[in-house]
Amino acid sequence: MIRVETSVVIDRPPDEVFAYISNFENNPKWQSGMQQAKFTSEGPLGVGSTYTQVAKFLGRRIQSTFEVLEYEPERMVKATTTSGSFPITFTRLVEPVEGGTQVAAIIEGDASGFFKLAEPLMARLVQRSVDADYANLKHILETQAE
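Under the numbering used here, the residue at position 128 of the sequence shown is numbered 136, and the numbers go up by one with no gaps.
What the hints contain is simulated information worked out from the structure, not anything from laboratory work.
Mixed in with the good hints, there may be bad ones.
Said to hold, decoys possible - Quick list of simulated restraints, FRET-style, between CB atoms:
| id | residue 1 | residue 2 | range |
| --- | --- | --- | --- |
| 1 | F47 | E116 | 21 to 31 Å |
| 2 | A27 | E116 | 23 to 33 Å |
| 3 | I114 | F65 | 25 to 35 Å |
| 4 | A27 | E106 | 17 to 27 Å |
| 5 | S93 | V17 | 16 to 26 Å |
| 6 | P95 | L129 | 15 to 25 Å |
| 7 | M9 | P52 | 31 to 41 Å |
| 8 | V62 | G107 | 27 to 37 Å |
| 9 | I148 | I114 | 12 to 22 Å |
| 10 | I148 | R83 | 19 to 29 Å |
| 11 | R68 | E103 | 18 to 28 Å |
| 12 | Q44 | E106 | 32 to 42 Å |
What the hints assert, rightly or not - Mimicking EDC-like on lysine to aspartate or glutamate, the simulated pairs with C-alpha atoms at most 16 Å apart in a straight line are:
| id | residue 1 | residue 2 |
| --- | --- | --- |
| 13 | K86 | E103 |
| 14 | K46 | E75 |
| 15 | K146 | E103 |
| 16 | K146 | D19 |
| 17 | K86 | E75 |
| 18 | K146 | D23 |
| 19 | K86 | E13 |
| 20 | K37 | D141 |
| 21 | K146 | E24 |
| 22 | K37 | E150 |
| 23 | K64 | E13 |
| 24 | K86 | E116 |
| 25 | K46 | E33 |
The beta-carbon is built from N, C-alpha and C at its ideal position, and this holds for glycine as well.
All chains, please: the whole structure from these sequences, using the hints.
Set out below in structure tokens:
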């Protein structure tokens with residue numbers, strides 16, 4: 009089991025930050041290796057919403073389908089894979105803090121096959137990747153405002 013956590017403070021209002029990170033079609037704009045993401049259910053976003061994504065990680069193409077498990081408007085979204093070669097569950101939390109909005113993320117995954125062999129290395133690579141993605145998110149959202 010791989011579990012990584014990260015958080016970042018973004019100098020933007022919580023509703024703007026949540027709107028951006030809960031629109032999963034934005035994922036390729038701020039997550040490295042993410043090639044595409046598309047909703048497969050009708051809006052609005054809520055429990056049961058689904059989307060597919062294609063990513064590249066360690067040279068492998070990973071196509072996954074996700075379903076939203078928990079949803080609190082403008083505060084939290086949690087989703088899990090329903091199909092794909094790398095099962096993961098992620099939670100994105102948003103809360104107002106002095107100086108903007110704190111965004112926290114928890115990603116949990118079960119490595120299998122090729123990825124299972126490299127699980128200790130994978131955990132470090134995933135942590136580094138997630139930290140960089142959230143730093144990129146901060147940069148994008150703060151510079152969009154200017």
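Status of each hint after checking the structure:
Checked against the hint of 21 to 31 Å, the pair F47 and E116 passes, with Cβ atoms roughly 23 Å apart. For A27 and E116, the hinted distance range of 23 to 33 Å is satisfied, since their beta carbons lie about 25 Å from each other. At roughly 18 Å, the beta-carbon separation of I114 and F65 lies outside the given 25 to 35 Å, and the hint is violated. For the hinted restraint 17 to 27 Å between A27 and E106, the CB-CB distance of approximately 21 Å keeps it satisfied.
The hint said 16 to 26 Å for the Cβ distance between S93 and V17, and at roughly 34 Å that hint is violated. Take P95 and L129: their Cβ atoms lie about 18 Å apart, and the range 15 to 25 Å holds. Checked against the hint of 31 to 41 Å, the pair M9 and P52 passes, with Cβ atoms roughly 32 Å apart. Checked against the given bound of 27 to 37 Å, the beta carbons of V62 and G107, roughly 35 Å apart, stay inside it.
As the Cβ distance of I148 to I114 is approximately 21 Å, the hint placing it in 12 to 22 Å holds. The supplied range of 19 to 29 Å is met by I148 and R83, whose beta-carbon atoms lie about 21 Å from each other. A C-beta distance of roughly 35 Å is found between R68 and E103, which places it outside the suggested range of 18 to 28 Å. Taking the beta carbon of each, Q44 and E106 are about 36 Å apart, inside 32 to 42 Å as hinted.
At roughly 15 Å between alpha-carbon atoms, K86 and E103 fall within 16 Å of each other, so this suggested pair holds. Restraint check for K46 and E75: satisfied, since their Cα atoms lie roughly 12 Å apart, inside the 16 Å limit. For the hint linking K146 to E103, the alpha-carbon distance of about 14 Å falls within 16 Å, and the restraint holds. Between K146 and D19 the alpha-carbon distance is near 8 Å, which keeps this suggested pair within the 16 Å criterion.
For the proposed pair K86 and E75, the alpha carbon gap of about 9 Å is at most 16 Å, so the pair holds. For the proposed pair K146 and D23, the alpha carbon gap of about 14 Å is at most 16 Å, so the pair holds. Only pairs whose Cα atoms come within 16 Å are accepted, and K86 paired with E13 is accepted, the gap being roughly 14 Å. Taking the CA atoms of K37 and D141, the gap is about 10 Å. The hint holds against a cut of 16 Å.
This hinted pair checks out: K146 and E24 have alpha carbons roughly 12 Å apart, not beyond 16 Å. The hinted pair formed by K37 and E150 meets the criterion: a straight-line CA distance of about 14 Å does not exceed 16 Å. With a C-alpha separation of about 21 Å, the suggested pair K64 and E13 falls outside the 16 Å cut-off, and the hint is violated. In summary, the hint linking K86 to E116 is supported, as the alpha carbons are separated by about 11 Å, within the 16 Å threshold.
At roughly 5 Å between alpha-carbon atoms, K46 and E33 fall within 16 Å of each other, so this suggested pair holds.
Consistency note: the structure conflicts with the earlier hints numbered 3, 5, 11 and 23.
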